[in-house]
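Number of protein chains: 2
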Amino acid sequence: MKQRKKQPVQTRSAILEAAGSEFSRKGYSGAGLGPIVASAGLTKGALFHHYPDKRSLAVAWATDSLAAAMESLWLTPLGGVASLDAFRSLSRARCMELQPDDATSTLVAITAETAAADPVLAAALDAVFSAWKSAISSLLERGKAAGWIHRSIQPEAEAAFYVAVFSGFTVTTKASPGESVRRTCATALEAYLETLRAQ
Amino acid sequence: MKQRKKQPVQTRSAILEAAGSEFSRKGYSGAGLGPIVASAGLTKGALFHHYPDKRSLAVAWATDSLAAAMESLWLTPLGGVASLDAFRSLSRARCMELQPDDATSTLVAITAETAAADPVLAAALDAVFSAWKSAISSLLERGKAAGWIHRSIQPEAEAAFYVAVFSGFTVTTKASPGESVRRTCATALEAYLETLRAQ
Chain A
18 MKQRKKQPVQ
28 TRSAILEAAG
38 SEFSRKGYSG
48 AGLGPIVASA
58 GLTKGALFHH
68 YPDKRSLAVA
78 WATDSLAAAM
88 ESLWLTPLGG
98 VASLDAFRSL
108 SRARCMELQP
118 DDATSTLVAI
128 TAETAAADPV
138 LAAALDAVFS
148 AWKSAISSLL
158 ERGKAAGWIH
168 RSIQPEAEAA
178 FYVAVFSGFT
188 VTTKASPGES
198 VRRTCATALE
208 AYLETLRAQ
Chain B
18 MKQRKKQPVQ
28 TRSAILEAAG
38 SEFSRKGYSG
48 AGLGPIVASA
58 GLTKGALFHH
68 YPDKRSLAVA
78 WATDSLAAAM
88 ESLWLTPLGG
98 VASLDAFRSL
108 SRARCMELQP
118 DDATSTLVAI
128 TAETAAADPV
138 LAAALDAVFS
148 AWKSAISSLL
158 ERGKAAGWIH
168 RSIQPEAEAA
178 FYVAVFSGFT
188 VTTKASPGES
198 VRRTCATALE
208 AYLETLRAQ
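So the protein sequences, as listed, match chains A and B.
So the first sequence is numbered by my numbering: it starts at 18 and just counts up by one.
So the second sequence is numbered by my numbering: it starts at 18 and just counts up by one.
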């Protein structure tokens, strides 16, 4: 334990990693602090030293770990998209590889479960959604400027729509898992994206 | 209690109503059987007589109460839609009146929380999603036959897409409540529906 105490950054990182795994598999209410500390190799006292309660742990996880995971999964690749075909390909890939415990699915599930009842957690989760939406909105702005997105398209509205579509996919594919559902989702999403193309 | 015992249908109905209220506000893991029996005016023994555990209660609630609520909210109105403009109006109305504890939001939240880990509950929830999708698919088929939906549209794929979009809205509007977000969602949804119109 002594070594852990001298490495607060590593300790917090181990806690947040364990918390993320627990939240993604069991949701917010279902997540136990016991399994989290056990998985991080700590005591509850050490956990409470860093995060006084489950809510502050969830806020830190959303702000740090979840935001970083969404950046790798979405923001960075979206920043490199330079054509509608590339956006279609990325969207299809994200659909086909969707997993019930990945960053997008976990963001959606924890938000659906908690955001209406907890404004503080809602604000932390909304910041993650906002970064995702902004990356898409910027992509659509770039596409309009470069001439591969139709000039009548409103980037912010379409970005909000895209994020809602994909968020919905994370839920409907849980109810009905299997590759054929994902393929239908991916195809419908590509058909929608095609409506944004410059004529 | 004697009278309740003689009215099993009313007792089950009172339990499912109380369960629905609890699930919609607290999710599945967060829902307490104590508050449910208190709200239904019963003992835990009476609850367990009808539903041996929380999962069987949730399955019955999804199959009966939630399915009936989705029928009133979606299936019946969708059955009466006879033009793209009427479909747009209904979609906008459902967006604008979206509440974090209504039937659609609760279906999505409970599915996001539980479906990946519980195949039995997932099947009950998937049946509710399927009925919703079928109603939209039928509407699009009718529209194709009547000439107000474009003949190239694939009703099942677009129905799955519509359900995902709306499911996503229930989550993103929780993260970011307020009328302006709903209005953006409604406008983007109408713009998408316009892409289905027969030219």
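No lab work stands behind these hints, which were simulated from the structure alone.
Keep in mind that a hint or two might mislead.
DSS-like cross-link-like pairs, simulated, lysine-lysine; straight-line CA separation at most 27 Å [what the hints assert, rightly or not]:
1) B/71 - A/43
2) B/43 - A/71
3) A/61 - B/61
4) B/71 - B/61
5) A/43 - A/61
6) B/43 - A/43
7) B/43 - B/61
8) A/61 - A/71
9) B/43 - B/71
10) B/161 - A/43
11) B/71 - A/71
12) A/43 - A/71
- Message: Against the 27 Å threshold, does the CA-CA distance of residue 43 of chain A and residue 71 of chain A hold or violate the hint?
- Response: 14 Å, holds
- Query: Is the straight-line distance between the alpha-carbon of residue 71 of chain B and that of residue 43 of chain A 27 Å or less?
  - Reply: Distance of about 16 Å is within 27 Å: holds.
- Query: For the pair supplied as a hint, residue 43 of chain B and residue 43 of chain A, is the alpha-carbon distance within the 27 Å limit?
  - Reply: 14 Å, holds
- Query: Does the structure keep residue 161 of chain B and residue 43 of chain A at a Cα separation of 27 Å or less?
  - Reply: 43 Å, violated
- Query: Is the straight-line distance between the alpha-carbon of residue 43 of chain B and that of residue 61 of chain B 27 Å or less?
  - Reply: 19 Å, holds
- Message: What's the verdict on residue 71 of chain B and residue 71 of chain A, does the C-alpha distance respect the 27 Å limit or exceed it?
- Response: 24 Å, holds
- Message: Against the 27 Å threshold, does the CA-CA distance of residue 43 of chain B and residue 71 of chain A hold or violate the hint?
- Response: 16 Å, holds
- Task: Starting from residue 61 of chain A, check that the Cα of residue 71 of chain A is at most 27 Å away, please.
- Result: 11 Å, holds
- Task: For the pair supplied as a hint, residue 71 of chain B and residue 61 of chain B, confirm whether the alpha-carbon distance does not exceed 27 Å.
- Result: This hinted pair holds, its Cα atoms lying about 11 Å apart.
- Message: Hint check: residue 43 of chain A vs residue 61 of chain A, CA-CA at most 27 Å. Holds or violated?
- Response: Since the Cα atoms of residue 43 of chain A and residue 61 of chain A sit roughly 19 Å apart, the hinted pair holds (cutoff 27 Å).
- Sort out whether residue 61 of chain B lies within 27 Å of residue 61 of chain A, counting only the CA atoms. 33 Å, violated
- Message: Holds or violated: residue 43 of chain B and residue 71 of chain B, Cα atoms, limit 27 Å.
- Response: 14 Å, holds
This entry does not satisfy hints 3 and 10, going by the numbered hints stated previously.
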